[in-house]
Amino acid sequence: MVDTNSSSPTSSDPRDYRNTVGKIEVPNTKMSMRDVDVFYGDKQAVFGVDLDIAKNEVIAMIGPSGCGKSTFLRCMNRMNDTIEGCVVSGSLKLDDQDIYDPKLDVVPLRARVGMVFQKPNPFPKSIYDNVAYGPQIHGLASSKVELDEIVENSLKKAGLWNEAKDRLDQPGTGLSGGQQQRLCIARTIAVSPEVILMDEPCSALDPIATARIEELIDELSANFTIAIVTHSMQQAARVSHRTAYFHLGYLVEIGATDDIFTNPRHRLTEDYITGRFG
Amino acid sequence: MSRSTIDIVNRNLAKRYAKEKRFRLFGLASILAGLTALCFLLVTIVSNGWGAFTQSYVQLTLDLDPETLLITNPLDDDQWSYANYTGVIKQSLRERFPDIKSRKDKKRLYQIISPGAGYQLNLLMQDRSLLGQTVTIWLPADDDVDSVIKGHIDRHRPENERRVSDKTLSLIDELVNSGELQRKFNNVFFTAGDSSEPEQAGIKGAMLGSFFTLIVALLLSFPIGIAAAIYLEEFAPKNKWTDFIEVNINNLAAVPSIVFGLLGLAVFLNWFGLPRSVPLVGGIVLTLMTLPTIIISSRVALKSVPPSIREAALGLGASKMQTIFDHVLPLALPGMLTGGIIGMAQALGETAPLLMIGMVAFIVDIPGSFTDPATVLPVQIFLWSDSPERAFVERTSGAIMVLLMFLILMNSIAVLLRKRFERRW
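Chains as they are written, first to last, in our numbering: chain A, 1 to 278; chain B, 1001 to 1425.
These are computed hints drawn from the structure, not numbers from a lab.
There's no promise every hint is true.
To give a feel for the contact side, a few chain B residues facing chain A, derived at Cβ under 7 Å [said to hold, decoys possible]:
#, residue
1, Ser1308
2, Ala1318
3, Ser1319
Computed spacing ranges between beta-carbons, pair by pair [as the list claims (entries may be wrong)]:
#, chain 1, residue 1, chain 2, residue 2, range
4, B, Pro1223, A, Gln170, 30 to 38 Å
5, A, Gln44, B, Asp1007, 18 to 26 Å
6, A, Gln44, B, Pro1237, 17 to 25 Å
7, B, Pro1223, A, Tyr40, 30 to 38 Å
Keep in mind the model is a prediction, meaning the values are calculated, not measured.
From the three backbone atoms N, C-alpha and C, an ideal C-beta is built for every residue, glycine too.
Could you put together the complete structure from these sequences and hints?
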């Protein structure tokens, strides 16, 4: 894409970051984004990003603060719709379905593309109600028994069942931070989405809780496609199959996680993962 | 010469602490000033108004003789209505004090009993089997007698400088000594409407008027206010128009309430032709007045719901409506209810706009519906405070006490609701 108002200080930098290094296309594509620009009012946050996400892969998005990775993530289930003045252009597809088709209803889209947020945000309701809410509004359970089953399975998949089974009627807000985040994951998978977007899911958690969530992500990748934004490069290295490096709104490099961390091809990626800036 | 940082810090420390101490003292002083004023107010009202809850009654033995009552044909309803009830009372008084012969003294004797006592006897005689019998009942004493009993009239002043003559005083003393004049709980105060005679005046009419008016205000302002707040906060696009509306709502909250009364007079009475002095119109006017308060507090309550809760619901695929009604509203409701109840309490204490729509009239009948002429508690207080009789002074304060009780009750409910439904996350 052509950038006309390039006045950032690095524009004179010989290291060009406007063209993505690495292979964008993947076999077995689940989501496909082409030439995505995102504007907040007059300010452009994401510049012409092309990216494919394969079925059942875990893709990590890393980069310094303000590089547009969270913004890009939130485009994938149109959570940016809630932000005043946010405009998205380009093509975003989920199984050939255009996500930004004006005729598309976001309700079923978000049932297919779930999201876990940075700060654990359980509803101030019981643990059971937290998990049951999604299936209830979408009418996924035809009976109480079925609903109980969904809740139990979701909590089991989120690794929270043993801790929560005796206190399902207690408020979800009474759990610890790590448990709350697992509850949020259970709530998300209760509606059986195809893709789960995770926006720095561990940034508010301690290392032990983080390790549990990382394990969980690994287990979930058998059934779900997961896109995770993270500030921790170790986390990206541990959980993801592919890694995308963002810089100032551009996708700089994309590739298999092992390659990115052992053999980065772009100078900026190398600088970032070796801790020279970020 | 080098001075370490800690020296400089230490040198200023005393000054900093003194500043803090001064500020605390100012705060404490202002709280104390406020509390003193409040205590003074409450003590004045209670000490003035306490007497309103008791009333002096005189025990009389009445001979309900058809002849004295001028009832010749008991089947004629008109005769019952216009029967000489006062005559029976006067006769009973004469029999109680057979020594009193002069016209002047007789007049004083009759004045011991409330001029409205005949009406009370009329009510009693709804039971027509009493005709021809002799009954012993307690009838309210005149307000001057009541004032003497309550010590509001100084006996030691010369006769021509007080409202009660020596003769009357001696009659009162005799009745008190024989136990036929006693202070009793003032039922009338809670069961009667307004009256020009203090001992016949009560606040029931005003209380019911307030009740009907508030019901109208509640039914209109709550749904409208909350719906407007939800629309403005959650659905309305943020543009020039909504900004304009917001500014105007904030302005309306500061408009003097009498202006709403004038509006009510011009629009509801003169244009729509609704009846004067009725709770229906009063409620509509108070709705206009409290709407801005309710909208503003409801919007604040909605705003204070953390965005993470909305994102969580939206992220699960809840529609906007579901997000608002399942998650945002339950969290905002305590704040909305508090705002609403405080708005209602404000409406309960409002006088000025109701004066403009005629709810200030002297209304004796107790209102039974939304379209019966009525007055409200604060207007009743205003009316009584204007009356010259000593007994109305204590009734004014008594009515204020009742009004304050209702206000405290409503505010306590607001606090309780907030405590009960408040959810933390």
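Evaluation of the provided hints:
With a cut of 7 Å, the hint placing Ser1308 (chain B) at the interface with chain A holds, because the nearest CB-to-CB distance is about 4 Å. Against a cut-off of 7 Å between C-beta atoms, the interface hint on Ala1318 (chain B) holds, since the closest Cβ of chain A lies about 5 Å away. Checking Ser1319 (chain B) against chain A by beta carbon gives a least distance of about 5 Å; that is within 7 Å, so the hint holds. In this structure the hint that Pro1223 (chain B) and Gln170 (chain A) lie 30 to 38 Å apart at CB holds, the actual value being about 34 Å.
In this structure, Gln44 (chain A) and Asp1007 (chain B) break the distance hint of 18 to 26 Å, their C-beta atoms being roughly 54 Å apart. The hinted range of 17 to 25 Å is satisfied by Gln44 (chain A) and Pro1237 (chain B), whose Cβ atoms lie roughly 23 Å apart. At about 37 Å, the beta-carbon gap between Pro1223 (chain B) and Tyr40 (chain A) stays in the expected band of 30 to 38 Å.
In this structure, only the earlier hint numbered 5 is contradicted, and the remaining ones agree with it.
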